[in-house]
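Chemist: Residue numbers (our numbering), protein chains in the order written: chain L, 265 to 699; chain G, 265 to 699.
In case anyone wonders, no lab produced these hints; they're calculated from the structure. Hints may contain errors.
[As the list claims (entries may be wrong)] Derived SDA-like pairs (lysine to any residue); straight-line CA-CA distance at most 20 Å:
#, chain 1, residue 1, chain 2, residue 2
1, L, Lys419, G, Val525
2, L, Lys690, L, Ser653
3, G, Lys419, G, Asp607
4, G, Lys638, G, Gln666
5, G, Lys419, L, Glu296
6, L, Lys419, L, Ser653
7, L, Lys438, L, Arg619
8, G, Lys506, L, Val525
9, L, Lys419, L, Glu296
10, L, Lys506, G, Lys419
11, G, Lys690, G, Asp607
12, L, Lys690, L, Pro609
13, L, Lys438, G, Thr543
14, G, Lys438, L, Glu296
15, G, Lys684, G, Pro630
One-letter residues, chain by chain:
Protein chains: 2
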Amino acid sequence: MKDHYRNLRVAVLGGGTVGAQVANRLLNGANELGQRSGAGLELIGVAVRSLDAPRSAPIPKKLLTTDAASLIVGADIVVELMGGIEPARSLILQALHSGADVITANKALLAEHGPELFAAATQVGAQLYYEAAVAAAIPIIRPLRDSLAGDHVTKIMGIVNGTTNYILDEMDQKGLSFEHALAEATRLGYAEADPTADIEGFDAAQKACILSSLAFHTAVPLANVHREGITGVSASQIEAAKRSGHVIKLLAICERLVDPVTGLDGVSTRVHPTLIPRTHPLAAAHGANNAVYVEAEAAGPLMFYGAGAGGLQTASAVLGDIVSAARRHVVGGPGVGESTHADLPSIPLERVTSRRQVSLVVKDQPGVLAAIAKVFSDNGVSVETLHQSPAGEDETATLVIQTHRASEASGQDTVVALEKNPVVVKVTSVLRVEG
Amino acid sequence: MKDHYRNLRVAVLGGGTVGAQVANRLLNGANELGQRSGAGLELIGVAVRSLDAPRSAPIPKKLLTTDAASLIVGADIVVELMGGIEPARSLILQALHSGADVITANKALLAEHGPELFAAATQVGAQLYYEAAVAAAIPIIRPLRDSLAGDHVTKIMGIVNGTTNYILDEMDQKGLSFEHALAEATRLGYAEADPTADIEGFDAAQKACILSSLAFHTAVPLANVHREGITGVSASQIEAAKRSGHVIKLLAICERLVDPVTGLDGVSTRVHPTLIPRTHPLAAAHGANNAVYVEAEAAGPLMFYGAGAGGLQTASAVLGDIVSAARRHVVGGPGVGESTHADLPSIPLERVTSRRQVSLVVKDQPGVLAAIAKVFSDNGVSVETLHQSPAGEDETATLVIQTHRASEASGQDTVVALEKNPVVVKVTSVLRVEG
Chain L
265 MKDHYRNLRV
275 AVLGGGTVGA
285 QVANRLLNGA
295 NELGQRSGAG
305 LELIGVAVRS
315 LDAPRSAPIP
325 KKLLTTDAAS
335 LIVGADIVVE
345 LMGGIEPARS
355 LILQALHSGA
365 DVITANKALL
375 AEHGPELFAA
385 ATQVGAQLYY
395 EAAVAAAIPI
405 IRPLRDSLAG
415 DHVTKIMGIV
425 NGTTNYILDE
435 MDQKGLSFEH
445 ALAEATRLGY
455 AEADPTADIE
465 GFDAAQKACI
475 LSSLAFHTAV
485 PLANVHREGI
495 TGVSASQIEA
505 AKRSGHVIKL
515 LAICERLVDP
525 VTGLDGVSTR
535 VHPTLIPRTH
545 PLAAAHGANN
555 AVYVEAEAAG
565 PLMFYGAGAG
575 GLQTASAVLG
585 DIVSAARRHV
595 VGGPGVGEST
605 HADLPSIPLE
615 RVTSRRQVSL
625 VVKDQPGVLA
635 AIAKVFSDNG
645 VSVETLHQSP
655 AGEDETATLV
665 IQTHRASEAS
675 GQDTVVALEK
685 NPVVVKVTSV
695 LRVEG
Chain G
265 MKDHYRNLRV
275 AVLGGGTVGA
285 QVANRLLNGA
295 NELGQRSGAG
305 LELIGVAVRS
315 LDAPRSAPIP
325 KKLLTTDAAS
335 LIVGADIVVE
345 LMGGIEPARS
355 LILQALHSGA
365 DVITANKALL
375 AEHGPELFAA
385 ATQVGAQLYY
395 EAAVAAAIPI
405 IRPLRDSLAG
415 DHVTKIMGIV
425 NGTTNYILDE
435 MDQKGLSFEH
445 ALAEATRLGY
455 AEADPTADIE
465 GFDAAQKACI
475 LSSLAFHTAV
485 PLANVHREGI
495 TGVSASQIEA
505 AKRSGHVIKL
515 LAICERLVDP
525 VTGLDGVSTR
535 VHPTLIPRTH
545 PLAAAHGANN
555 AVYVEAEAAG
565 PLMFYGAGAG
575 GLQTASAVLG
585 DIVSAARRHV
595 VGGPGVGEST
605 HADLPSIPLE
615 RVTSRRQVSL
625 VVKDQPGVLA
635 AIAKVFSDNG
645 VSVETLHQSP
655 AGEDETATLV
665 IQTHRASEAS
675 GQDTVVALEK
685 NPVVVKVTSV
695 LRVEG
């Protein structure tokens, strides 16, 4: 194959950290990538916003252009690394319509406009690759799409946002407050100047949307993903979690369930701070690392672990996709399209049952435990464990109650009833429990 | 695509645990697998040794045959789950020459005859899939072949044999002797009646050979894989490992190194009991689980974790490969061939440097430490840490010495010199250290 290479023309859109690394490797590793692809890979240009901006890896001036639309014309493979919705969406559609394969790391775009992009790809027989969109270089898209294609995924729990994992891990390891840990993350460059997308769970929700769609062969709209961030997680919750043998992680949870209302199979996709046992494999994901835990009927539990962000790491995933795209160009044919044949409904969070840990301060007087237990049973919530810590000088005691599975409504009704109960001073924490 | 399915004819060779599960799922999940493949999947038969043997999942009698060679004729996809070298090798070659794609879980065959099989596949433009050959349903072949195709893998350390991991974990957790833990593994069905292939590291060496070839784009002959089993691992070594913050795992190590003799890049592939820190991600793989830790230049460290054996788990990987093969049949073209362009030499173990932990009993007399330290430095081995435990009533003390990297020769020379030294009563343990 080495002697009669076909040359494939690669256009890179975006000259930021990832774009510069990808361009650099295409220029300096072309021979090797060609041998792995069965086709020569020629970088025809890098579309950037400013020709003079500093680059994290050198790109020859003559390859830079500000005209992305013209660059795409005649490209066999278009690599979109601009981020954001527009002009990324229009440029990807232009590239797909021209028959080019497209590689993107743009999770926001995939979560919001995935079906439109996949439909455009299928229409012309082009391919859309996006391994880098979730957990950077950790292979998770390909394992779900290909390796588990003959199995039934039942649940995914993923730590898919490095910033929030760093913050929660610092709070857990060093006892920092949320504000202090966020400031530390910002100082070290783990958090952006405006950390909203990370700490409010928007980034994780986009990734959950992508994983849920892929795992359950169903187009899950981003609007159907329940999202809670970590701004409400307190140092005392972290401390209480530790005492009960748990750790708090921001999890993207994708679950195939029977909808209790319709009796039909459906999908629950949700992002929220979650208690997991410290012995759970996900608890070992420290710092800014990512980890994705997948349960499938035949394969059982699997875990994928590594760095979930970074220019080089993301470039690794993008380059793997470039080789896959090049191999497909050598082969010809339509490749693997989006798989949405299962077409399951999204189950709203209200119909999903969860275990919960409820912490509350109560008056230290006879009959309190019975009164509290009655509130739970009146609301149809069964208590799994109860810990009472000794009363302090203020004549209050602290209860930590872990429940069996109960619906959102029962859980919320219980909290409202607890807050109204005269023996309760304060409900200090309510967290869902997994694992 | 649903309306004009092409029907693909699938032949399964072998009706054991995995074969029966695969056949069962092809029969009962045909519709869904078809939707995921873009082609109908028709099970045309299962070749077995005995028509009347009991099956772990029911297969209709009319699908059973003892004539594997005839079954292959006219099959589009042949799934080899017989194990062993012959007749599996001849049947796979027959299938490939007839143009069928082949899926195999046969690690022994791949390790010994991989290049012959891959060459046959490339010659006719067929594909050979083998995700199930290493670590069952844990996706590791596809991530190495596709996801990391644009990166440089530098090292793999894998717990790829569930039986030995179970034995070592029992020894570590419960303080059992090797013999006791092996008996327990046999009783529970984790170890076979003749456990040689597992406990002597033959199984792990075959998997190391497959992983090394794939990761380094180099055909690594099985003869070049250094192999040591776990029969020599003692309860006291496990105990000492614990005291120094380590755990002993049987690791398959695949490493890209500069050969100190030739100065050229090469590959070291080796299987041996290894000390790793208890904080290393691999240390969290308990029981019969598998875990593969991969280091790549851009991606950094990644880990893949899950059940590494079992009929259902292996069937999951085989079915993923069947869907991949079916998708390729719909697409047409040659698919991804074996990648051996790097063609690196194997570096013999003698030229690989390792850190070591040496435990020895010495006479409790003045000047002992100096004498021991001199033995190490005389042999060019630098000491990293030294722990001395207090002398017992027999007037001996125990030293545990961890060294910096040194060659096999220096390591062995040191041990010989230690054993000859008058202050040394006994060298009790020598283990390589990673992580």
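Chemist: Against each hint, give a clear statement of whether it holds in the structure.
Modeler: Results for each hint:
Distance restraint check for L/Lys419 and G/Val525: the Cα-Cα separation of roughly 51 Å exceeds the 20 Å cut-off, and the hinted pair is therefore not satisfied. Between L/Lys690 and L/Ser653, the direct Cα distance comes to roughly 15 Å. Compliance with the 20 Å bound is thereby established for this hinted pair. Proximity of G/Lys419 to G/Asp607 is assessed by CA-CA distance (about 16 Å); at most 20 Å being required, the pair is judged to hold. A C-alpha spacing of about 15 Å is found between G/Lys638 and G/Gln666, which places the hinted pair at or below 20 Å, so the restraint holds.
The suggested pairing of G/Lys419 with L/Glu296 holds, with an alpha-carbon distance near 18 Å, which does not exceed 20 Å. Note on L/Lys419 and L/Ser653: the hinted pairing is violated, with a Cα-Cα distance of about 35 Å set against a maximum of 20 Å. Only pairs whose Cα atoms come within 20 Å are accepted, and L/Lys438 paired with L/Arg619 is rejected, the gap being roughly 27 Å. Among the hinted pairs, G/Lys506 with L/Val525 is inconsistent with the structure: their alpha-carbon atoms are about 53 Å apart, more than 20 Å.
The straight-line distance between the Cα atoms of L/Lys419 and L/Glu296 is roughly 38 Å, outside the 20 Å bound, and the hint therefore fails. Proximity of L/Lys506 to G/Lys419 is assessed by CA-CA distance (about 35 Å); at most 20 Å being required, the pair is judged violated. Restraint check for G/Lys690 and G/Asp607: the C-alpha separation of about 44 Å exceeds 20 Å, so the hint is violated. Between L/Lys690 and L/Pro609, the direct Cα distance comes to roughly 38 Å. Violation of the 20 Å bound is thereby established for this hinted pair.
Note on L/Lys438 and G/Thr543: the hinted pairing holds, with a Cα-Cα distance of about 18 Å set against a maximum of 20 Å. For the proposed pair G/Lys438 and L/Glu296, the alpha carbon gap of about 49 Å is over 20 Å, so the pair is violated. A hinted pair counts as satisfied when its Cα atoms are at most 20 Å apart, and G/Lys684 with G/Pro630 qualifies at roughly 18 Å.
Taken one by one, the earlier hints fail for this structure at numbers 1, 6, 7, 8, 9, 10, 11, 12 and 14, listed in ascending order.
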